[in-house]
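Quick note, the sequences are listed as chains A and B, same order.
Residue 59 is where the first sequence starts when you use the numbering used here, and the numbers rise one by one after that.
Residue 3 is where the second sequence starts when you use the numbering used here, and the numbers rise one by one after that.
To be clear, the hints were calculated from the coordinates, so they are not data collected in a lab.
Using N, Cα and C, we set each Cβ at its ideal position, and we do this for glycine too.
Some hints could be false.
Claimed, not checked - Residues of chain A clear of chain B, computed beta-carbon distances all greater than 10 Å:
{"#": "1", "residue": "Lys63"}
{"#": "2", "residue": "Ser110"}
{"#": "3", "residue": "Leu119"}
{"#": "4", "residue": "Glu286"}
{"#": "5", "residue": "Thr516"}
{"#": "6", "residue": "Gly619"}
{"#": "7", "residue": "Gly768"}
{"#": "8", "residue": "Lys819"}
As the list claims (entries may be wrong) - For the chain B half of the interface with chain A, some residues (derived, Cβ under 8 Å), not all of them:
{"#": "9", "residue": "Glu45"}
{"#": "10", "residue": "Lys46"}
{"#": "11", "residue": "Val79"}
{"#": "12", "residue": "Arg80"}
{"#": "13", "residue": "Gln92"}
{"#": "14", "residue": "Phe95"}
{"#": "15", "residue": "Val96"}
{"#": "16", "residue": "Cys106"}
{"#": "17", "residue": "Leu137"}
{"#": "18", "residue": "Cys140"}
Given next are the chains, with one letter for each unit.
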Amino acid sequence: MSEFKIVGKPIPREDARAKAKGELKYADDFSLPGMLYGKVLHSKYPAAKIISIDTTKAKQLPGVHAVLTARDVPHNETITRFGQSAEVGKGFEGLYRVLADKKVRFRGEAVALVAADTEEIAEEAAALIEVNYEPLPGVFDPVEAMKPGAYLVGEGDSNIICKFGCSQGDIKKGFAEAEVIIEDTYQVPFVDHAYLETEGGVAWIDEKEVINIRVGSQVIEHFRDVAEVLGLPHNQVRYIGTMMGGGFGGKEDITVETYLALLTWKTKKPVRLFYTREESILCHSKRHPFIMHYKVGAKKDGRLVALEAELISDAGAYPYLSPWVNLYATVNAAGPYCIPNVKINTYCVLTNNTFTSANRGFGAPQPNVAYESLMDELAYKLKIDPLEIRRKNCITTGKSLSTTGQVFNTYVALPEVAEKAWKALGETKKVEDKNKRIGRGLAIGLMSYGRMTFLHDTSRCYVRLESDGSVLIRSGIPDLGGGQVSLLCQIAAEELGVPMSKIRIYYSDTALTPLAGTTTATRQTYMSGNATLKAAREIKKRIIQKAAEMMNVNPEKLVIGEEKIIVKYDSAQYLPLLEVIKACNTEGIELFCEAQFKGPFTMVPDLSNIRGTIFPDFTFGAQAVEISVDIETGQVEVLKLVTCYDVGKAINPLSVEGQMEGGSIYGMGYALMEEVVMEKGVTLTPSFSEYIIPTAADVPEVEAILVESGGGLGPYGAKGIGEPSCSIIAPAILNAIYDAVGVRIKSLPATPEKIIRALKKHYFEGR
Amino acid sequence: MMEEYPIELTINGEKIVSTAKAEESLLRFLRRHGFYEVKGGCEKGDCGTCTVIMNGKAIKSCITLAGQANGKEILTVRGLEKEESGRKLQESFVQHGAIQCGFCTAGMLMTAKAYLDENHQPNKVEIRKAISGNLCRCTGYKKIVEAIYAVAEENQKSK
Ligand code: FES
Ligand code: FES
Numbered sequence: 059m060s061e062f063k064i065v066g067k068p069i070p071r072e073d074a075r076a077k078a079k080g081e082l083k084y085a086d087d088f089s090l091p092g093m094l095y096g097k098v099l100h101s102k103y104p105a106a107k108i109i110s111i112d113t114t115k116a117k118q119l120p121g122v123h124a125v126l127t128a129r130d131v132p133h134n135e136t137i138t139r140f141g142q143s144a145e146v147g148k149g150f151e152g153l154y155r156v157l158a159d160k161k162v163r164f165r166g167e168a169v170a171l172v173a174a175d176t177e178e179i180a181e182e183a184a185a186l187i188e189v190n191y192e193p194l195p196g197v198f199d200p201v202e203a204m205k206p207g208a209y210l211v212g213e214g215d216s217n218i219i220c221k222f223g224c225s226q227g228d229i230k231k232g233f234a235e236a237e238v239i240i241e242d243t244y245q246v247p248f249v250d251h252a253y254l255e256t257e258g259g260v261a262w263i264d265e266k267e268v269i270n271i272r273v274g275s276q277v278i279e280h281f282r283d284v285a286e287v288l289g290l291p292h293n294q295v296r297y298i299g300t301m302m303g304g305g306f307g308g309k310e311d312i313t314v315e316t317y318l319a320l321l322t323w324k325t326k327k328p329v330r331l332f333y334t335r336e337e338s339i340l341c342h343s344k345r346h347p348f349i350m351h352y353k354v355g356a357k358k359d360g361r362l363v364a365l366e367a368e369l370i371s372d373a374g375a376y377p378y379l380s381p382w383v384n385l386y387a388t389v390n391a392a393g394p395y396c397i398p399n400v401k402i403n404t405y406c407v408l409t410n411n412t413f414t415s416a417n418r419g420f421g422a423p424q425p426n427v428a429y430e431s432l433m434d435e436l437a438y439k440l441k442i443d444p445l446e447i448r449r450k451n452c453i454t455t456g457k458s459l460s461t462t463g464q465v466f467n468t469y470v471a472l473p474e475v476a477e478k479a480w481k482a483l484g485e486t487k488k489v490e491d492k493n494k495r496i497g498r499g500l501a502i503g504l505m506s507y508g509r510m511t512f513l514h515d516t517s518r519c520y521v522r523l524e525s526d527g528s529v530l531i532r533s534g535i536p537d538l539g540g541g542q543v544s545l546l547c548q549i550a551a552e553e554l555g556v557p558m559s560k561i562r563i564y565y566s567d568t569a570l571t572p573l574a575g576t577t578t579a580t581r582q583t584y585m586s587g588n589a590t591l592k593a594a595r596e597i598k599k600r601i602i603q604k605a606a607e608m609m610n611v612n613p614e615k616l617v618i619g620e621e622k623i624i625v626k627y628d629s630a631q632y633l634p635l636l637e638v639i640k641a642c643n644t645e646g647i648e649l650f651c652e653a654q655f656k657g658p659f660t661m662v663p664d665l666s667n668i669r670g671t672i673f674p675d676f677t678f679g680a681q682a683v684e685i686s687v688d689i690e691t692g693q694v695e696v697l698k699l700v701t702c703y704d705v706g707k708a709i710n711p712l713s714v715e716g717q718m719e720g721g722s723i724y725g726m727g728y729a730l731m732e733e734v735v736m737e738k739g740v741t742l743t744p745s746f747s748e749y750i751i752p753t754a755a756d757v758p759e760v761e762a763i764l765v766e767s768g769g770g771l772g773p774y775g776a777k778g779i780g781e782p783s784c785s786i787i788a789p790a791i792l793n794a795i796y797d798a799v800g801v802r803i804k805s806l807p808a809t810p811e812k813i814i815r816a817l818k819k820h821y822f823e824g825r
Numbered sequence: 003m004m005e006e007y008p009i010e011l012t013i014n015g016e017k018i019v020s021t022a023k024a025e026e027s028l029l030r031f032l033r034r035h036g037f038y039e040v041k042g043g044c045e046k047g048d049c050g051t052c053t054v055i056m057n058g059k060a061i062k063s064c065i066t067l068a069g070q071a072n073g074k075e076i077l078t079v080r081g082l083e084k085e086e087s088g089r090k091l092q093e094s095f096v097q098h099g100a101i102q103c104g105f106c107t108a109g110m111l112m113t114a115k116a117y118l119d120e121n122h123q124p125n126k127v128e129i130r131k132a133i134s135g136n137l138c139r140c141t142g143y144k145k146i147v148e149a150i151y152a153v154a155e156e157n158q159k160s161k
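For reference, chain A alone in the conformation it holds in the complex:
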């Protein structure tokens, strides 16, 4: 491979300086003359019939411009999509309802919308809307909701919204062969994305009657969905995506965009609408809680022979992306292990809780907690070292995923990353405090990057080399903070041999930038990175061709770099890039290109037994921790955390490390402190003083180890890292707790209370 000039270097991101200076304009940092303020009236019951809604008083309040209910929405019921262009059907596309109609399904559901001159008036007007509810019993536990005769959350005749299965081998025979069998149930809670920027934006109508929505969104392709709600042609709605103040999957569904569009459409005035923190926690999606019943069988030497799992997840009140998340959970349920006999069944169930949808990890973090805890349990039972048992069973190059049978033909780094992470913990820390016990835990995992192949994913990018040697990129890529935009600049700079400072990029605009697809599924490095690479290489080819003519050499002998076209191994022989550009322009040779990258396409699988290729590729990683547990207080302190992933190629090591460090702490919050507590559909943790996320004082020393196998499908062999980075830290911590004090916590978060309770049981009742 040639030597890189810009790729692979830990350089400051394109967007960093504007952010450091406070100059970047996020969704809320923008206003228009005559702008109105929108407000959503949310349901105060988790389950109720709407008998009537009287908006008279609200409408009469001076300064109010619009009060809308379901009746005012042209197409109040459509389907949930997330930017896919292929028809998928088969129960994947659940109901998307803009405003509650006749019945409310969760506390916080949008019932009415208001637009007024000021935020205060909008709030007052919302309070004046008289909704006559008749409370209904509701159902809040997915297991209850599955039973025949349960309260029906929606209009259908069952609360179960999807059922997936996966199997290989013969599960009965597998368990018959097993010499040890462990069976257990694990539970994980609702958690919040807790991005610091809540959901919101500003919308207006321009002179072409187009509804413009300036918003932080991971999926600008929702412009189509918004247009369908309003009954407008797709090209009459435009998303202008801003840099997001965090996304983590929470800005993957439509958040407030339909509300904004409706209010601006009705009032013909610009409207701003932003959720408060409380609204963000109460009303927008959460990560799926799961109840996971697992049974694992192994030989005495630790070799796995059978794994059976039943996963039940809580979709909350509407499907949103539940089917997709559960499909992923199913595929991931047997973890990164070779197991000849496997059987997985997954059920996703509606309840009257806040709806759940995408959250960083998309169905991976939940089963990971279960299978990695069980692996640990098995290691203890059989007295095998935690690293050894994983090495013995993990998938290696050429082997296949035990759920779907997808074969891994490129390098599978699992043995390498497991060993590196575990060894990097180094010497055991000494603690003085006699109440503190030290423990270590390891977890390994795999996670896909790129969308499910039956979604037929594509991305586009436009690159233009200007006559002065500067470069312009246009890509619809949304940036949620991970450096997605900067990455494209780096690729173009590398390919066209210009410095980063000469690149300008326009991004995330459905009218003006070629659609790049969603910033979800850890797909942008892979998909839009490749689209950019393709466009830039096309231009490079033309430049080199021209230079070869001018220099009278074989084009194969030429390379581009430092704004020159240079003869390989003879850097004294070169042409300045500018000169070649000039020649191209004189002859009308196109120095621009819009390229599309297409992922692999497959058919929709049989959902009762999902087999074959479902994802383009996977990222493999391991995480290891050393912790202390205070046996008096139950307090866990993470002392050291190692995160090791095969990232293929780190295009910007600074960004990759950032994902790995940030992902680890995101996962640490999941393990130890985060839970959206819902009691009968009522959220008891509506602020950051109740919903606790890690602060700088909670974080340990974090070491990120990057393995660069070059085996990924992204540019230069890169793999995706955004979601994989957070998905296995929780079980590593649970395993460390067991190692420290001998109790296994089977439900997240592992709070001090749970640990103390378990310790008491352990000591006084002998377990």
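For chain A, the structure is supplied; the task is to place chain B with the ligands on it using the hints.
Leaving out everything else, chain B with the ligands in the frame of chain A:
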């Protein structure tokens, strides 16, 4: 109609004469006057996103009334550039990769600046404590701590 009262304050060296609404937080006042660089993440004092420096002290502007800033000097992230210590911190955040989504950055930088102005030789553990009132969901804090530490070290050397 809500009552308003006159208010006079200096923001990033510029004198602002205006009126504030009763009960209006300094955060809302600042944003209403176009100081969009000051972000709100919770408006309840829980996240630190809205941190500005008022007469040398880092404060959470969402739980400070605009009235409390009357006659005071406010520094926001856009005013940081004017001071060497501010510029250094900004550049260090950029170089260390301490900025991802950047939504916490404005507040984080202000907390860091006020802290370094008072503590010249902090270690990393002390820095972590000092910024523990500022949430960051993206970075896991490591690179932020490193960025602040690098400036503290440099200050130490140049003394
Ligand atoms: S907005 Fe002020 S502390 Fe959160
Ligand atoms: S960089 Fe996103 S919250 Fe700190």
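Practice item. Tell me, in ascending order, the numbers of any earlier hints that this structure violates. Key: Checked against the structure, no hint fails, so every one of them is satisfied.
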